[in-house]
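Here's the letter readout for the chains.
Number of protein chains: 2
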Amino acid sequence: MPPNNLFAALPPAGPDEAVETLLARGAVRIERIVSTGQASPPGFWYDQDEDEFVVLLAGAATLSFDDGRELALRPGDVVDIPAHCRHRVDSTQADPPTIWLAIFHR
Amino acid sequence: MPPNNLFAALPPAGPDEAVETLLARGAVRIERIVSTGQASPPGFWYDQDEDEFVVLLAGAATLSFDDGRELALRPGDVVDIPAHCRHRVDSTQADPPTIWLAIFHR
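Protein sequence lines, in the order shown, are assigned to chains A and B.
Residues in the first sequence are numbered consecutively from 1, following the UniProt record's numbering.
Residues in the second sequence are numbered consecutively from 1, following the UniProt record's numbering.
I should point out that these hints are in silico values taken from the structure, not numbers from a laboratory.
Ideal Cβ placement from N, Cα and C applies to all residues, glycine included.
Heads up, a few of these hints could be off.
Said to hold, decoys possible - One-sided excerpt, in silico: chain A residues whose CB lies under 10 Å from chain B:
{"no.": "1", "residue": "19"}
{"no.": "2", "residue": "22"}
{"no.": "3", "residue": "30"}
{"no.": "4", "residue": "32"}
{"no.": "5", "residue": "74"}
{"no.": "6", "residue": "75"}
{"no.": "7", "residue": "78"}
{"no.": "8", "residue": "84"}
{"no.": "9", "residue": "97"}
{"no.": "10", "residue": "99"}
{"no.": "11", "residue": "101"}
{"no.": "12", "residue": "103"}
Unchecked claim - Calculated from the model, a selection of chain B residues having no Cβ within reach of chain A, i.e. all distances over 12 Å:
{"no.": "13", "residue": "5"}
{"no.": "14", "residue": "13"}
{"no.": "15", "residue": "45"}
{"no.": "16", "residue": "46"}
{"no.": "17", "residue": "51"}
{"no.": "18", "residue": "66"}
{"no.": "19", "residue": "67"}
{"no.": "20", "residue": "76"}
{"no.": "21", "residue": "88"}
{"no.": "22", "residue": "90"}
{"no.": "23", "residue": "91"}
Chain A extracted, bound-state conformation:
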């Protein structure tokens, strides 16, 4: 069962980010992602077929884009990442964990 509260029932920290699908219906998938210090591997860029609208709910993170843009995110920040907009996660706060709400759509 996905959580009814995004700040509750946090999975234990592990080597990977914890991804839970909250809703997947039609053209939309909504995930809670809990990061505990993970970052994209050196030289790795996400290049997604779906648009992603992401909200940083707790913690902190830095993103960069292959056009050179860098974003330092704090709770409440939102980022619209269109499909094939190459981006990477440079850092995430480990403790307290970083909690994201990610809305993937087409």
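For this one, chain A is given, so just place chain B on it according to the hints.
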């Protein structure tokens, strides 16, 4: 310009909820809604053509559904409201304001 941070640039309290569209693309519309004590009028039920996935980000609210379910929402709570699931907002906290993220989709 919609806000880049959901907790920032809150609109001044007025008689109505303040609705800002953060993204509208394809089958998805994402809104920030700021409530300052508003509630649905007596006997009013929302009966929407779109599915709505709503997150209470700050404040507090109570929802009810025409099957008798009642939900008291606190920050981080999420609710999946399928299209034509009749519901109403019984109360919202006025101060500090209640902040919602609403994801409408088809």
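So, going through the hints one by one against the coordinates:
{"no.": "1", "hint": "19", "result": "violated, 16 Å"}
{"no.": "2", "hint": "22", "result": "holds, 6 Å"}
{"no.": "3", "hint": "30", "result": "holds, 6 Å"}
{"no.": "4", "hint": "32", "result": "holds, 9 Å"}
{"no.": "5", "hint": "74", "result": "holds, 7 Å"}
{"no.": "6", "hint": "75", "result": "holds, 7 Å"}
{"no.": "7", "hint": "78", "result": "holds, 6 Å"}
{"no.": "8", "hint": "84", "result": "violated, 14 Å"}
{"no.": "9", "hint": "97", "result": "violated, 13 Å"}
{"no.": "10", "hint": "99", "result": "holds, 9 Å"}
{"no.": "11", "hint": "101", "result": "holds, 7 Å"}
{"no.": "12", "hint": "103", "result": "holds, 6 Å"}
{"no.": "13", "hint": "5", "result": "violated, 4 Å"}
{"no.": "14", "hint": "13", "result": "holds, 19 Å"}
{"no.": "15", "hint": "45", "result": "holds, 22 Å"}
{"no.": "16", "hint": "46", "result": "holds, 18 Å"}
{"no.": "17", "hint": "51", "result": "violated, 6 Å"}
{"no.": "18", "hint": "66", "result": "holds, 20 Å"}
{"no.": "19", "hint": "67", "result": "holds, 17 Å"}
{"no.": "20", "hint": "76", "result": "violated, 4 Å"}
{"no.": "21", "hint": "88", "result": "holds, 20 Å"}
{"no.": "22", "hint": "90", "result": "holds, 18 Å"}
{"no.": "23", "hint": "91", "result": "holds, 19 Å"}
The structure fails hints 1, 8, 9, 13, 17 and 20 (numbered hints given earlier, in ascending order).
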